[in-house]
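S.K.: Top line first, the protein sequences correspond to chains A and B. Going letter by letter, the first sequence gives residues 1 to 349 in UniProt numbering. Going letter by letter, the second sequence gives residues 1 to 349 in UniProt numbering.
Hints in this document: simulated from the structure, not taken from any laboratory. One thing to keep in mind: the hints can contain errors.
Unchecked claim - Here are the simulated DSS-like cross-link-like pairs (lysine-lysine), alpha carbons at most 30 Å apart as the crow flies:
(1) B:LYS223 <-> A:LYS265
(2) A:LYS250 <-> B:LYS157
(3) A:LYS200 <-> A:LYS212
(4) B:LYS250 <-> A:LYS75
(5) B:LYS319 <-> B:LYS123
(6) B:LYS250 <-> A:LYS265
(7) A:LYS303 <-> B:LYS250
(8) A:LYS200 <-> A:LYS182
(9) B:LYS319 <-> A:LYS250
(10) B:LYS223 <-> A:LYS223
(11) A:LYS265 <-> B:LYS123
(12) A:LYS180 <-> A:LYS75
To be verified - Quick list of simulated restraints, FRET-style, between CB atoms:
(13) A:ASP193 <-> B:ALA13: 17 to 23 Å
(14) A:LEU76 <-> B:LYS223: 51 to 57 Å
(15) B:ASP155 <-> A:LYS123: 32 to 38 Å
(16) A:LYS123 <-> B:ARG297: 44 to 50 Å
Don't be surprised by glycine CBs; every beta carbon is placed ideally from N, CA and C.
Protein chains: 2
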Amino acid sequence: MAGVVESREWYLAAYAPEGVPTSDHLKLRTVTLSPDVDSIPDHHLIVQNIFISVDPYQRTLMSGLEDGLYFSQTKLNEVVSASTIARVIGSKDSSYRVGDIILNPFGPIAEYCVIPSALYLRKVDPASELPLQEYLSSLGLPGFAAWVGIEVLGDPKPGSNVFVSAAAGGVGMFAGQLAKLKGCRVIGSTGSDEKVKLIKEEFGYDDAFNYKTETDLDAALSKYFPNGIDIYFDNVGGEMLEAVLNHVNKHARIPVCGMISQYKKIWTERQGVRNLLNMVGKEVRMEGFLVGSHLNRFGDFAKEMESYIKEGKISSKLKIYHGIESYLESLGSLFTSSNFGKVIIEVKK
Amino acid sequence: MAGVVESREWYLAAYAPEGVPTSDHLKLRTVTLSPDVDSIPDHHLIVQNIFISVDPYQRTLMSGLEDGLYFSQTKLNEVVSASTIARVIGSKDSSYRVGDIILNPFGPIAEYCVIPSALYLRKVDPASELPLQEYLSSLGLPGFAAWVGIEVLGDPKPGSNVFVSAAAGGVGMFAGQLAKLKGCRVIGSTGSDEKVKLIKEEFGYDDAFNYKTETDLDAALSKYFPNGIDIYFDNVGGEMLEAVLNHVNKHARIPVCGMISQYKKIWTERQGVRNLLNMVGKEVRMEGFLVGSHLNRFGDFAKEMESYIKEGKISSKLKIYHGIESYLESLGSLFTSSNFGKVIIEVKK
Chain A
1 MAGVVESREW YLAAYAPEGV PTSDHLKLRT VTLSPDVDSI PDHHLIVQNI FISVDPYQRT
61 LMSGLEDGLY FSQTKLNEVV SASTIARVIG SKDSSYRVGD IILNPFGPIA EYCVIPSALY
121 LRKVDPASEL PLQEYLSSLG LPGFAAWVGI EVLGDPKPGS NVFVSAAAGG VGMFAGQLAK
181 LKGCRVIGST GSDEKVKLIK EEFGYDDAFN YKTETDLDAA LSKYFPNGID IYFDNVGGEM
241 LEAVLNHVNK HARIPVCGMI SQYKKIWTER QGVRNLLNMV GKEVRMEGFL VGSHLNRFGD
301 FAKEMESYIK EGKISSKLKI YHGIESYLES LGSLFTSSNF GKVIIEVKK
Chain B
1 MAGVVESREW YLAAYAPEGV PTSDHLKLRT VTLSPDVDSI PDHHLIVQNI FISVDPYQRT
61 LMSGLEDGLY FSQTKLNEVV SASTIARVIG SKDSSYRVGD IILNPFGPIA EYCVIPSALY
121 LRKVDPASEL PLQEYLSSLG LPGFAAWVGI EVLGDPKPGS NVFVSAAAGG VGMFAGQLAK
181 LKGCRVIGST GSDEKVKLIK EEFGYDDAFN YKTETDLDAA LSKYFPNGID IYFDNVGGEM
241 LEAVLNHVNK HARIPVCGMI SQYKKIWTER QGVRNLLNMV GKEVRMEGFL VGSHLNRFGD
301 FAKEMESYIK EGKISSKLKI YHGIESYLES LGSLFTSSNF GKVIIEVKK
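Just chain A, with the same shape it has in the complex (with noise of 0.2 Å):
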């Protein structure tokens, strides 16, 4: 290959500590970089990306504040990332062939891009019947977030009473799933009517409540729990963490995943979680958690979870953005309750 291609990718221009990230923030710029194998070093690949996963914890990379969360901020004026499913046009890594289709569990947010052919790029199966982007949801780390929080961290048990916020989104869907297929009554919260109806309809949840408008959690909490909760796996923090601690069981567990309410705020000005208390008395274990402390029982996930969505067991809802262009607006998609399943953005048809 000669010439150069155009591509166009998402940069850090600004840092928003406050609020959902807009225009001022987040701008896309077009960069020319070269097809041509020779150009990239030993061990990258240039890649061609096809879907872009869209996450709430990539919001926490744009703050600018460095306060424990997750990973380091994105340098201004640096490409931000993803995990993207990509076709390899280019290697210089004898593992990596022109036409392989790859998981990348965290690249730039590009149409093309050279990247490391490092240690988590994964290669998706060429003889997988699946649809592609089911590797960014499902199958991939989405799917897998739900798995370690309920088998790894849960100890789901049939009849355990279990708690799953944002339990349409993209994570939350498959938690509340497989904790059903481990025999447990599960609850969702979500953030709009027609999402409670797509959780229990499509999703097979017990039942599920939308928290704006059953704004008395503890209230919501007593009737939807008699019985309180065993496993809560949190999504969101704050408010629903506190309600949730006045109804635990004994010995309950708390896989925590992300808390999608807290993002956006400056620590220092959010509502504290008063009754913590409440987790000597119960024995409550609240874990902290991120996926990629957990690679060693990927396969066992994917195995479990490829066999789940062929056997029909599994529903995977997705809302697909189309061409890079869409990054801000489906990013900010994820803090107002508007979109429903995993948020993907298709990049290239």
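Following the hints, put chain B in place on chain A, whose structure we already have.
M.R.: Using the frame of chain A, we list chain B on its own:
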């Protein structure tokens, strides 16, 4: 035996939702009971208390607030409870003989009482050369709580950075010493300069600070933990827990034994912990515990602790109050940083 014995006992006259209980809430009364063993039911004992353990959790049973704490509230007019060391003076259980010394983990704060010879009573080996009161301290539930938090939940490694709050208290003094014996670097916090000295000189902590003078907890933790905190043995909750969560290392463990800063307050009026989100980024495990759930490990603990005590590897500090009439004062002392080590009442010489 015939006739009657007079026995003084502390009963709950009124609930104390706020503040430290006073003589309005806790009152001493004299009752009579028959020392005749024929007067008691089968599988019961008549005992004379020798030592009574005074512990912070006792205060939580007097608030009248059923808010998920520990055990059920003491009923009004009922005798309040504590761990005691007692002598059997009458027995309707063939496993116990008059003169046996027993540890009663949860019995009436009284000079004499009739108790069921139930599950968790434990006989003190008459061949033991250790002072009896140690069975309420290093060899009793405080020592066991420290052991569970550090060894069962804390996963200490040589070089781990360990922080213990209320480090001169009945549990904290052992938590830090056990961590030191595992090769950890241990720092404690406490409420007076005198106790800082004690912690360093008698308990062998690497360092300690007075949270009443080093009021910028964040700065204090930066100073004492330049490499972050791996294990926080929490006895106090509240502001200190929040400060710790800004200094935790990846995969830190926070066994929560108690939250003494929180006991006096109605939960909705407490200052919340605002930075729980750090638990996700740092993958922190926080776990409340009660010793009652770990009694299957008591034997392992007792063996280990007894050898430490006999070899002089663990120092135990007692603050002895004299006479059952001292209960109110001794309980109050727990909430004013005025005592050192484990608080015990010697009922009878």
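S.K.: For every hint, state whether the structure bears it out.
M.R.: Evaluation of the provided hints:
1. B:LYS223 <-> A:LYS265: holds, 27 Å
2. A:LYS250 <-> B:LYS157: Holds, at roughly 29 Å.
3. A:LYS200 <-> A:LYS212: holds, 17 Å
4. B:LYS250 <-> A:LYS75: holds, 22 Å
5. B:LYS319 <-> B:LYS123: holds, 24 Å
6. B:LYS250 <-> A:LYS265: holds, 22 Å
7. A:LYS303 <-> B:LYS250: holds, 29 Å
8. A:LYS200 <-> A:LYS182: holds, 17 Å
9. B:LYS319 <-> A:LYS250: Violated, at roughly 33 Å.
10. B:LYS223 <-> A:LYS223: violated, 48 Å
11. A:LYS265 <-> B:LYS123: violated, 56 Å
12. A:LYS180 <-> A:LYS75: Roughly 42 Å between the alpha carbons, so the hint for A:LYS180 and A:LYS75 is violated.
13. A:ASP193 <-> B:ALA13: 17 to 23 Å: violated, 52 Å
14. A:LEU76 <-> B:LYS223: 51 to 57 Å: Roughly 31 Å apart at Cβ, these two residues miss the hinted range, so it is violated.
15. B:ASP155 <-> A:LYS123: 32 to 38 Å: Roughly 36 Å apart at Cβ, these two residues keep to the hinted range, so it holds.
16. A:LYS123 <-> B:ARG297: 44 to 50 Å: 47 Å Cβ-Cβ, so the 44 to 50 Å window holds.
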